[in-house]
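**Q** Chains as they are written, first to last, in this note's numbering: chain A, 1 to 497; chain B, 1 to 311.
Hints in this document: simulated from the structure, not taken from any laboratory. Each residue gets a CB set at the ideal place from its N, CA and C atoms; glycine is no exception. Be aware that one or more of the hints could be misleading.
[To be verified] Calculated pairs, BS3-like style, for lysine-lysine (alpha carbon to alpha carbon, straight line, at most 25 Å):
1) A/Lys330 x B/Lys10
2) A/Lys330 x B/Lys204
3) A/Lys132 x A/Lys119
4) A/Lys149 x A/Lys132
5) A/Lys122 x A/Lys149
6) A/Lys122 x A/Lys132
7) B/Lys204 x A/Lys122
8) B/Lys10 x A/Lys213
9) A/Lys330 x A/Lys149
10) A/Lys213 x B/Lys204
[To be verified] Label-pair distances were calculated between CB atoms; the ranges are:
11) A/Gly81 x B/Ser240: 40 to 48 Å
12) A/Ser336 x B/Val297: 33 to 41 Å
13) A/Thr106 x B/Ser286: 35 to 43 Å
Residues per chain, in single letters:
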Amino acid sequence: MTDLRAPAAAVSVPLLDVRGITKRFGGLVAAKDITFQIGAGEILGLIGPNGSGKSTVMQIIMGIHRPNAGSVRVTGVDVAGWPPHRIAQQGVGIVFQHSRPLHRQTVLENIMLGLLPDKLLKLAADRHVREKAREIAERVGLGGVLNRKPGTLPFADLRRMELAKAIARDSQVVLIDEPFAGLTTGEVAAFARLIADFRNDGRAVLLVDHNVKSVAALADRVFAMYLGERIAEGTPEEVTRDATVRRVYLGGGIEVATRPARNARGAALLQVENVSVLYGKAQALECVSIHVDEGEFVSVVGLNGAGKTTLFNAISGLVPYSGRISWDGKELRGRSAAAIARHGIVHCPETRELVGDMSVRENLDLASHHLTAAQAAQQLEWLYHLFPRLRDRERQIARTMSGGEQQMLAIARSLMMRPTLLILDEPTLGLAPVILEQISNALEQLRNTTSITVLLGEQNVTFALPHADRIYVMDHARIVWEGEPSRFAAEVADTYL
Amino acid sequence: MTEALRGLLKSRLFWIALCGTVVLVTLPWVVSAYVLGILTVAYYFGVFAMSWDLLFGFANEVNFGPTFLIGSGAYAAGLLNASGAPIWLCLIAGGAAALVGGVVLAVPALRLSGPYFGLTTLVAVLLLQQFIVIFASRTGGEIGLTMNDILSMDTTTNYWYALGFMAVSGLILFTLSRSAVGLILQASGQDRIGASALGFNVVKHKLAAFCISAVFSGLAGAMLVFYLGTASVGTVVDVSVGVQVIIAAVLGGRRTIVGAAIGSIFLIVAGEALRPLGQLSTFVVSGIALLVILFFVDGLMGLLLRGREET
């Protein structure tokens, strides 16, 4: 990517002035005392791993969430707590990561929507609106598809259309969520130029993304968050070098396997060959091939959006795919998700999918209904031994527990089904370090004392590496590296951040 | 305004509706008085269904209680007529009563999200029904309220009234749905957060749609009872009537306005044509409706427009 940063940081009155915003969801502090300013003609990158609170901050600025404390000033006016449409009218625009266009309307009409006033008696759009929409479409490169329906457009063009709507709003402050997710390298360059145009027009731009790498070429400054708190701020280079940032993304000195590799390598249990998945127009998985051997612990690491969850969903039969996935030598295609689960592949999704209104015990009992009473009792005893916290919380309603406890319950419930292969998707999502350690210990016990094969998906390398026999690194829907944990630090750690 | 007119003329749905209307206009010279009578009722149902489609198809709010609005209009008109007011005044009162009832219901209900809006509207119907039964001395209760006046004794004249009313209502609702505010309404319905982030007050636009839907429903309800000569719970308030309106709109094709009218005509004419089957006729018509809804989610109009959507 070419360097599109401003020659000198533009210093002026901040268009967006965020001071001390704090947001709590129940017991979880999603954002804590966050303060930053963005001036006219400046681009700030807001980065943080999944669950760090960056999206919450963006949603608070837009008014989708109300902050518990703090102020959000847009061109000097405090808009904290206003409804989104008034904040939008005050001069804040947003480009959502997932577009939901009007499918029966043409591209031009979708862009016109951004130009319409919030009035009830506006039966027909003014003449200049159509002209203006056409101009904007040309500017973002949609000139040739004005009269097409969004459903027929490629993914990048849908993103262009979202960008066009934001341009149409003529907002002073523009928030962009994961600007480059799902785009090819060429498209990324084109989008970077469009975003740089926002700066040249003197707007304040907030880019929200996962890592420094993706916003480095554009952002004048970067603000890094982790677990709801500010961890670093400065130029992209400074933030990349920052010790805390490196620890959050890579762990403090990467630890490798804490026990010798398994000597007796089993036969290939799960074989994924050339699997591709498309979500509408977006390529979520591209020719991915992995294998997991019997008794092995395999970690798939990659940032959010790399395709880990999609890979797991394909294995579990939850999304359609091309390519071949076989289990114990037999092809899985055509089997329902339920049938795959009964064959021993148990998936513990990142969303946990607990029954929120049931107690811990009821959630576990739900998973044991195909076991005999004696088996279930034995399994339950073992799980309570693995996660003592769950025994203490046996009667508590699942949704009232902390995130970490819910994660333990989700893993325990998956284990209750006596899996041959346990697929664990992002068990560390948004959890505090102390909880991570407890889950980590449980996984270690699982690895050392049972024959369960584990496939772990993680963006947290520190968590994923110590247990793993083998690592796959995913990036942009592809597997980009495979190897032993001991080689990870030397070969890929630097490109990962 | 020319912009809106141009949009109208470019729409294939508009031409389908226009051709259909021309055919309906010729019917008094072709079919029997009996058939005209059935079609007259069907046209009023058409307005019920079109009003409902404005809410469901465009604002994306499921109103399970269209008969709350229809019944409010019908009974307001009927009660006023009983005290001697002329028909035109009663009709205006019918539309106004539905509007007031609608606002009272929608202002709190639109603040709820998900299925709760729909449930609120359903409860409103039950309340209205109970109200009518409790105040039977004024409203006629379960027996019904006999009107002092009727629109006309002549079948053909009644047919013209109904057709004219449906055509004008349809044109207004269709134009609205295709207008700039219609665009904002669809955006509000399909992506609440997205629309408000573009600066649109979603609740305001949905409330406006609800008000428009209420006025047309109430007016149509009032017209219907002046045609029938009686207002009764079974014809304008009962939940099953509302279900029929909903089926008609979905059957005809969501988000088309025109489809709702076609669905109503189909439903009522088919019910009548199958009358020789006795009890089975309702069963067969419901079965057909179920099949269409299950296999052609976009309804009858969706089938007609399908070729175009894909190009």
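**Q** Please go over all the hints and tell whether each is borne out by the structure.
**A** These are the hints, each one checked on the structure:
| no. | hint | verdict |
| --- | --- | --- |
| 1 | A/Lys330 x B/Lys10 | violated, 55 Å |
| 2 | A/Lys330 x B/Lys204 | violated, 57 Å |
| 3 | A/Lys132 x A/Lys119 | holds, 19 Å |
| 4 | A/Lys149 x A/Lys132 | holds, 19 Å |
| 5 | A/Lys122 x A/Lys149 | holds, 24 Å |
| 6 | A/Lys122 x A/Lys132 | holds, 17 Å |
| 7 | B/Lys204 x A/Lys122 | holds, 14 Å |
| 8 | B/Lys10 x A/Lys213 | violated, 48 Å |
| 9 | A/Lys330 x A/Lys149 | violated, 42 Å |
| 10 | A/Lys213 x B/Lys204 | violated, 42 Å |
| 11 | A/Gly81 x B/Ser240: 40 to 48 Å | holds, 45 Å |
| 12 | A/Ser336 x B/Val297: 33 to 41 Å | violated, 23 Å |
| 13 | A/Thr106 x B/Ser286: 35 to 43 Å | holds, 37 Å |
When held up to the earlier numbered hints, the structure conflicts with 1, 2, 8, 9, 10, 12 and fits the remainder.
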